[in-house]
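Protein chains: 2
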Amino acid sequence: MAMMKTIHWFKPLILLILVAYPAMCVVWPMPQMMSTTSTVLTINSKKFTFQSSSKSDILHQAFERYMNISFIPLGKQIQPQLSESFNVTASSGSLTSLKVNVHSSKEELNLDSVENYTLTVTAKGATLDADEVWGALRGLETFSQLVEPTESGMFQINETKVIDFPRFKHRGMLVDTARHFLDMEVLYEHIDAMAYNKYNVFHWHIVDDESFPYDSKVLPEVTAKGSFNPKTHVYTADDITKIIKYCRYRGLRVIPEFDTPGHTRCWGRSKPNLLTKCYTGFLPNGKTGPINPIFPENYEFMKTLLSEVHKRFTDKYIHLGGDEVLLNCWKSNPDVRNWMVEKGLGNNISLLESYYESRLLGIASNLGYDYIIWQSVVDNNVKVMPSTVVNVYKGGFPAELDRVTKRNFTTILSSCWYLDIYAYGPDWKRYYSCEPFSFNGTQKQYDLIIGGESCIWTEYVDDTNLISRVWPRASGTAERLWSAKNVNSIALATPRIHDFRCKILIRRGIRAEPVTGPGFCEYEFGM
Amino acid sequence: MAMMKTIHWFKPLILLILVAYPAMCVVWPMPQMMSTTSTVLTINSKKFTFQSSSKSDILHQAFERYMNISFIPLGKQIQPQLSESFNVTASSGSLTSLKVNVHSSKEELNLDSVENYTLTVTAKGATLDADEVWGALRGLETFSQLVEPTESGMFQINETKVIDFPRFKHRGMLVDTARHFLDMEVLYEHIDAMAYNKYNVFHWHIVDDESFPYDSKVLPEVTAKGSFNPKTHVYTADDITKIIKYCRYRGLRVIPEFDTPGHTRCWGRSKPNLLTKCYTGFLPNGKTGPINPIFPENYEFMKTLLSEVHKRFTDKYIHLGGDEVLLNCWKSNPDVRNWMVEKGLGNNISLLESYYESRLLGIASNLGYDYIIWQSVVDNNVKVMPSTVVNVYKGGFPAELDRVTKRNFTTILSSCWYLDIYAYGPDWKRYYSCEPFSFNGTQKQYDLIIGGESCIWTEYVDDTNLISRVWPRASGTAERLWSAKNVNSIALATPRIHDFRCKILIRRGIRAEPVTGPGFCEYEFGM
Chain A
352 MAMMKTIHWF KPLILLILVA YPAMCVVWPM PQMMSTTSTV LTINSKKFTF QSSSKSDILH
412 QAFERYMNIS FIPLGKQIQP QLSESFNVTA SSGSLTSLKV NVHSSKEELN LDSVENYTLT
472 VTAKGATLDA DEVWGALRGL ETFSQLVEPT ESGMFQINET KVIDFPRFKH RGMLVDTARH
532 FLDMEVLYEH IDAMAYNKYN VFHWHIVDDE SFPYDSKVLP EVTAKGSFNP KTHVYTADDI
592 TKIIKYCRYR GLRVIPEFDT PGHTRCWGRS KPNLLTKCYT GFLPNGKTGP INPIFPENYE
652 FMKTLLSEVH KRFTDKYIHL GGDEVLLNCW KSNPDVRNWM VEKGLGNNIS LLESYYESRL
712 LGIASNLGYD YIIWQSVVDN NVKVMPSTVV NVYKGGFPAE LDRVTKRNFT TILSSCWYLD
772 IYAYGPDWKR YYSCEPFSFN GTQKQYDLII GGESCIWTEY VDDTNLISRV WPRASGTAER
832 LWSAKNVNSI ALATPRIHDF RCKILIRRGI RAEPVTGPGF CEYEFGM
Chain B
352 MAMMKTIHWF KPLILLILVA YPAMCVVWPM PQMMSTTSTV LTINSKKFTF QSSSKSDILH
412 QAFERYMNIS FIPLGKQIQP QLSESFNVTA SSGSLTSLKV NVHSSKEELN LDSVENYTLT
472 VTAKGATLDA DEVWGALRGL ETFSQLVEPT ESGMFQINET KVIDFPRFKH RGMLVDTARH
532 FLDMEVLYEH IDAMAYNKYN VFHWHIVDDE SFPYDSKVLP EVTAKGSFNP KTHVYTADDI
592 TKIIKYCRYR GLRVIPEFDT PGHTRCWGRS KPNLLTKCYT GFLPNGKTGP INPIFPENYE
652 FMKTLLSEVH KRFTDKYIHL GGDEVLLNCW KSNPDVRNWM VEKGLGNNIS LLESYYESRL
712 LGIASNLGYD YIIWQSVVDN NVKVMPSTVV NVYKGGFPAE LDRVTKRNFT TILSSCWYLD
772 IYAYGPDWKR YYSCEPFSFN GTQKQYDLII GGESCIWTEY VDDTNLISRV WPRASGTAER
832 LWSAKNVNSI ALATPRIHDF RCKILIRRGI RAEPVTGPGF CEYEFGM
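Chains A and B are the protein sequences, given in the same order. Just add 351 to the spot in the first sequence (first one is 1) and you have the numbering used here. Just add 351 to the spot in the second sequence (first one is 1) and you have the numbering used here.
Keep in mind that the hints were calculated from the coordinates and are not lab data. All of these numbers come straight from a predicted model, not from anything done at the bench. Note that beta-carbon positions come from the ideal geometry of N, C-alpha and C, so glycine has one too. Treat the hints with caution; some may be incorrect.
As the list claims (entries may be wrong) - Straight-line Cα separation of at most 27 Å, DSS-like style, residue types lysine-lysine; simulated pairs:
1) A/Lys576 to B/Lys854
2) B/Lys406 to A/Lys854
3) B/Lys854 to A/Lys582
4) B/Lys576 to A/Lys854
5) B/Lys520 to B/Lys795
Said to hold, decoys possible - Listed below are several chain B residues computed to face chain A (Cβ distance under 7 Å; list not exhaustive):
6) Phe579
7) Ile772
8) Asp813
9) Phe871
Next comes chain A alone, as it looks inside the complex (with noise of 0.2 Å):
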């Protein structure tokens, strides 16, 4: 990456403001240049204004947002005592505006959008500059994040200069809601907490073996007979379109993932030759496997089904899955060998892999799409296309990020983010504690890998723990995906995200769990 040069060279200038500032800078993820002086101006919030000549709905959403996020009273009982007419006059100066200026109109939501910008808060005024306006929303998040509420109800931020952009372009987090469906109002919190936290990618991990929430109207009895709960427990058309535009809106990309040929189980209950029959010796065993390879409807199922998919998502990529294909259940089947032989497989079950993974692949490509697979995909040297983005997710990750990048591929890491693995303590710091470029590789290499994901498998999670669960554990990965590679350090960290959590998450209502260990906030969830 272009940018590992510029973010050595601003290191020494990180260390300084760590030792001079230590308790203003809530900021998380950490910039990568932020510059701070003693000098406080002071805000009052009913004077303030967000100011920009762009006309973008996006921005202007954006500041409606801001300006109840960057002005939240510090406790429910703390009343404002400002009036309209109040003027300051201490003699550090006032703050009565951000000027933000956006220069490219360009708003495409993708892999190249881009996230830089300026932030420079002074006595003279405060200006935002962003190449496009999803850089505007990373500094509106940081500029609220600067902003400290007072015991008067009045407000305050310290003359600051913010230089800032993202390590890794693919900052996400995978969100299961097959093991667990989740309600609309939780999701759009999650995403909520994610914007705070500067990720910019929901892969929507919808449907899977468990259940089907996934409302389709070219296949109704896979939802009918999939989901726990066809009325209940799905998401509509309307909801996925609400869902892109909330995450939009954020500058975050919706990536649906489709997950085949295993994690289907719950499809095959209203199509009996969709899965293949597991055999014990010479009888079926009343169990189901993957996707059945040998039946040519079932690409045209998978055909009609990532149509409609591709209607209602409108990112360029797509999330094919591919892992843990169960490849003894496609052995057992006396059918599927039968199928092999004539095909001139033979007994290599690797190759009905490829098979399979090559015909669904084709499909996803002739509907337009670019596609994510987890890495059992090229593990087995199934030929994909060089759009490809392989997700690594298994143990021994340094490994595999050498062995995917060498052959090419663009990567993203998600094994060692894991938020459903929970450990008792502050298990936080393993998240944070993860460098993608923990091998010895090439500046090539590491430029291949753009990113990585948290992921949140809710086998014992739903609505009732998912935020806890997953903040501010995952604001670890955050910081470590967004922040330079040399803001590393654990004891650094550690009160600042104490901090984040009691100054930002709890107070913007998120319920955010303590992982610092004893200790408590100014003012607690609820106060």
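Given the coordinates of chain A, assemble chain B onto it according to the supplied hints.
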């Protein structure tokens, strides 16, 4: 325990019922005896009444609560379609009242309180019989769990007979409000959930090393300097009174814990001589250890504190802690060593611990207290009153229970019910499977085991996650402590705890997390 024979007598009956009507029996914890028929009675909640000739305020307040709790519609969207004038015409009949007979007006809440009850629901009417009001509370809880809402907005109940009593008379939960402060509203919700699980002791671990949120009027400086914030993060005398009343009305005793001589670090901030100065070699190393046992004024301090505690808390018992005393700090201090020699204790540090404990227990006894202590105190052979309850908390608990009961001590078990220690997956099974009688003891020894306690230490728990962390994991302990010993099948308990979470806890607004793997509640939290 005399009850054991009765339980064995009922065993075949319990199994019969589970086989016959598995879907109907949500009741958790499982009653000692329950028989259900397939006859379903309809209830119009608007015409239903609880009736009793008793004047007990506890009972009549319970009636008000259970009118709400028993008749919660399936979902927010479902409006009852019944009017006041609705008449049930279904052939099975209807139920319009529950007659509650409480045979004794005795309302002391202590170890000897009687919680037995008999509940009879037939087409001819429903009656709940209890010796004391505490049994009536348990019976109302069971009744409310038997009532099922229907999609019409109507309710129904099967003809049922329940004869029930607790296996153990002390069924507690330790709640630590020192590592993190817990808001009163969160405590109320938690106590509600305890009552739904038929817990009967709220063990309030109110203070510890990290904070002293007890708002003392006689030692205000300890609160001022020892609490996280003496205005916002303390429990006032009024708060304590409210918690005690809230618990009492739900049949829960409140036993406060003031753990000494260790676990007192923050107390020392306002009392320079209270804690022992630890030495490295010949010099104080800046650290403090347990309460300094050589200064007479420190016993005066404890007397002052416990006298106030005794006025505020109404239970006969206090928990005096005594665990994890850092003996090495005592040993390191030359003044302590010299004093020991003067007093004839030589260099036997265990004798010093005994000395402290003897004086402390004497103070408590003089105030009229009975006490519970952590096992360390009796492991160290401190002389304690015969009424002392030993709280076993370390690993290897079967051997310890054997030892302690052989020495004729009454005991409660906590070792296997630490809820803060979290493992991925359905770890409620560990709590459920922990059997107190898992050592080869005599009946007399078993009779000395009066119960146990779940413990939620709050290093990583606060208002944001207390409820979802504890529930329904603590329901595993609840059934172990209430139900018959042979109600111990994980296979049978798994669907029941799922239903209990969905149909009882979630519908009553308790944010209980999923613990049985992928799945759903018909009506999810918030639906």
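Results for each hint:
no., hint, result
1, A/Lys576 to B/Lys854, "holds, 23 Å"
2, B/Lys406 to A/Lys854, "violated, 50 Å"
3, B/Lys854 to A/Lys582, "holds, 19 Å"
4, B/Lys576 to A/Lys854, "holds, 23 Å"
5, B/Lys520 to B/Lys795, "holds, 16 Å"
6, Phe579, "holds, 4 Å"
7, Ile772, "holds, 6 Å"
8, Asp813, "holds, 5 Å"
9, Phe871, "holds, 4 Å"
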